[in-house]
Structure formats: structure tokens, C-alpha cells
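Participant: Sequential numbering of the sequence shown, starting at 51, is according to our numbering.
The hints are simulated quantities; they were obtained by calculation from the structure and are not laboratory data. Misleading hints may appear alongside valid ones.
Stated by the list, open to error - BS3-like cross-link-like pairs, simulated, lysine-lysine; straight-line CA separation at most 27 Å:
{"id": "1", "residue 1": "Lys248", "residue 2": "Lys262"}
{"id": "2", "residue 1": "Lys397", "residue 2": "Lys169"}
{"id": "3", "residue 1": "Lys169", "residue 2": "Lys291"}
{"id": "4", "residue 1": "Lys165", "residue 2": "Lys397"}
{"id": "5", "residue 1": "Lys256", "residue 2": "Lys229"}
{"id": "6", "residue 1": "Lys248", "residue 2": "Lys169"}
{"id": "7", "residue 1": "Lys229", "residue 2": "Lys212"}
{"id": "8", "residue 1": "Lys262", "residue 2": "Lys229"}
{"id": "9", "residue 1": "Lys229", "residue 2": "Lys248"}
{"id": "10", "residue 1": "Lys291", "residue 2": "Lys165"}
{"id": "11", "residue 1": "Lys253", "residue 2": "Lys229"}
{"id": "12", "residue 1": "Lys229", "residue 2": "Lys291"}
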Amino acid sequence: MAETEQQLTKKIRPYKIIYPIVIGLAVVVWMLYREFDVTAFRDITFTWHSVLWLLVAVGCMFVRDFGYVVRIRVLSGGRLGWWSAVRIIFLWEFTSAVTPSAIGGTSIAILFVNKEGIKVGRSSAMVMATSFLDELYFILMFPIILLSVSQTALWNMPGVNKGITTGLIWFAVAGYSLKFVYLMILSYGLFRNPRGLKWLLMKCFKLRILRKWRHSANEVGSDIIRNSYELRHQPFSFWLKTFGATFFSWTARYWVVNALLMAFWAGKYGWGDHFLIFARQLVMWIMMLVSPTPGGSGFAEFVFKEYLGEFLPSAGVAIAMAMLWRLITYYPYLFAGVLIVPRWLAKHFGRKRG
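Construct the complete structure from the given sequences, taking the supplied hints into account.
Facilitator: The structure is reproduced here in C-alpha cells:
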């Protein structure tokens, strides 16, 4: 437990929180320096209509978090109370925000669930189930998007260098491939042959370059074996509820940009445009998976400007909108973590004084 407390304490050190903010702001300032055009901002009018749609954008994030809270309560079999579920989600999102996108916050999520009164075995099963459901959403939605949207519309970005376009496509392919491989391995281990997967993991981690993580791999393999029986015997209604909550959570998150566009340019876009914007956001999130920076900082702002810039009056406006988008969807979890994590650590790891 002391080791885990030390890991969490390291994550909430000031530089760990400031680091992604500085990266994001630095990229935004650099892009504004290159692309800023004051005349493009003259067409932007801020009205009560803008306030309404900004509230809708924030509301989408509430729907997203509420879906996560409902999902984790269902996964716990009703053992978690509402406030416990809320704490877990915000702790989880905070650790995801301060770690690279490919890593996320799942490594410590088991501890968060366990400390809220759930046994270690079930905590591990819950975290693995959430991971499975999140990956399943992307694996199913990406092909649907490809079949529903014109490939030219999805990948053609007017005014963007072809090299950048090609690079973004490869980022999307790499991100989807990683998710697909991970989901197949996880599905095989959880629902088909958990002992076989553990055997394969231990074989792989015999390699000299991976040997120092062999103990961790052994623990993961044991978790998969322990969780397999519980998850395989869940009724269909269990998976329907949890995947439904997952679907609404991720989908609500992708409507945030649509709401932001409605705040300042209502009536400019038709339903087809809004669906294309939604589709590009989903693809953009898959691209962000391979970002090495915490929470995709810097990379997310750059991709937003390049990939969604054609829907905005100018590159400068696109950069400003990217910053507003991150202020709603990313930075709140950093600030919430600063408030919640120290108190949570003190409650669960603090030493009683005489």
C-alpha cells in the first residue's frame, strides 16, 4: 500500500499537473503566432444563444460522466453508492489526464475501486470490464463511421499539407490497430482461455528486454484467470446495461464540438455536416491514442486545428476553438484531481495521530 501511495503522490506533484497544461498552451501559442488573423474574429458574435449552447457543451460532459458513474455502479452489482462511484470516476479521469494516452489511468483504478469497499478480485474484474467495453465501442464505431461517411469527406482536409494528412491517417490506423489487438487479446483471455493467455504472457516476458516486468505480467495473468469466470457468467442484461452506458458516455463526449460550433455559427451547418464533425472527432480520439504526451496535450490541439479547421472561418479561430474544447473536456479533470486526490489519500492512507 505504501508503494501505491507513493505512485499516486508522484502523480499529483505540481509538475505532473502543470506539465500537460504547459504543453497544451505552448502548442496553442505557437500555432496562434503562425496563424493569427484578427479579421477572422470579427464574424464571431457572443449572444444568449451562445451561452445556451456552451451550457449544452458542458452538459454533454455531465452526461458523459454520469454514464460512467452508472456503468461502474452496474459493474459493482449495486455495491457502490452514488458518491463513491463519482469519486472513482474523477480519480480515474485525473490519473488518465496526467499520463500518456496509451497508458491511461487503469493501472491504479483497481486501487480506487478497492478502497471504496469492493474486494480486490471484483475490483480487478470491474476495471477489466470497463476497458473491454471502451475498446469495444471504438472497434464497432470506427467501421460504422467508415461505412456511413464518404471517405473523401472524412479524410479530405482543404488547405492541409498532404504529408500531414497522410500522417494523420497513419495515426488513425495505428491507434485502431492497437485497440483491435488489445481487445482480441483481452477477449480471448477473459472469455475463452485465461490460462492460455497467462502462459503466453509469461513466455513473452521471459525476453531479456521485458524480464523486469515479469512479476507484473504474472499478476495481470492471475487477474485475468480470476476475473474470467465472473465475467463469462454475467447475464445478457448486464452487458446491455454496461455497454449502453458506455455508448452514451463516449457519444456525448463527441457532441461537445458540435455544441461549440452551434454556439457561434448556428444555422451554418446541416445534419450531414454535424455527423461528419462527430465522425472526425471519433477518428481524432483514435489518433490521440498514440500520443506520448499526458492526456494527448499539444497533439490534441494540433489535430483539432488540422482535422476540424475546415468547419471554422480561419486557422486562428480553429486554434482558439481547440483551446475552448480542451477547457471543457480536459482541464476540469486536472483541477478536480487537485482537490479530490489529496483528501482521498489522507482518508485511505493517512496515519492516525495520537
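Participant: For each hint, tell me whether it holds in the structure or not.
Facilitator: Hint by hint, here is what the structure shows:
Only pairs whose Cα atoms come within 27 Å are accepted, and lysine 248 paired with lysine 262 is accepted, the gap being roughly 17 Å. Taking the CA atoms of lysine 397 and lysine 169, the gap is about 18 Å. The hint holds against a cut of 27 Å. As the CA atoms of lysine 169 and lysine 291 are separated by approximately 22 Å, the hinted pair is consistent with the 27 Å bound. Among the hinted pairs, lysine 165 with lysine 397 is consistent with the structure: their alpha-carbon atoms are about 10 Å apart, no more than 27 Å.
Only pairs whose Cα atoms come within 27 Å are accepted, and lysine 256 paired with lysine 229 is accepted, the gap being roughly 24 Å. For the hint pairing lysine 248 with lysine 169, the CA-to-CA distance comes to about 22 Å; that is within 27 Å, so the pair holds. A C-alpha spacing of about 26 Å is found between lysine 229 and lysine 212, which places the hinted pair at or below 27 Å, so the restraint holds. For the hint pairing lysine 262 with lysine 229, the CA-to-CA distance comes to about 25 Å; that is within 27 Å, so the pair holds.
Of the pairs offered as hints, the one joining lysine 229 and lysine 248 holds, with about 19 Å between alpha carbons and a cut-off of 27 Å not exceeded. Restraint check: the Cα-Cα separation between lysine 291 and lysine 165 comes to about 24 Å, which is no more than 27 Å; the hinted pair holds. Note on lysine 253 and lysine 229: the hinted pairing holds, with a Cα-Cα distance of about 22 Å set against a maximum of 27 Å. Simply put, lysine 229 and lysine 291 have alpha-carbon atoms about 22 Å apart, close enough for the 27 Å limit, and the pair holds.
In summary, this structure violates none of the numbered hints.
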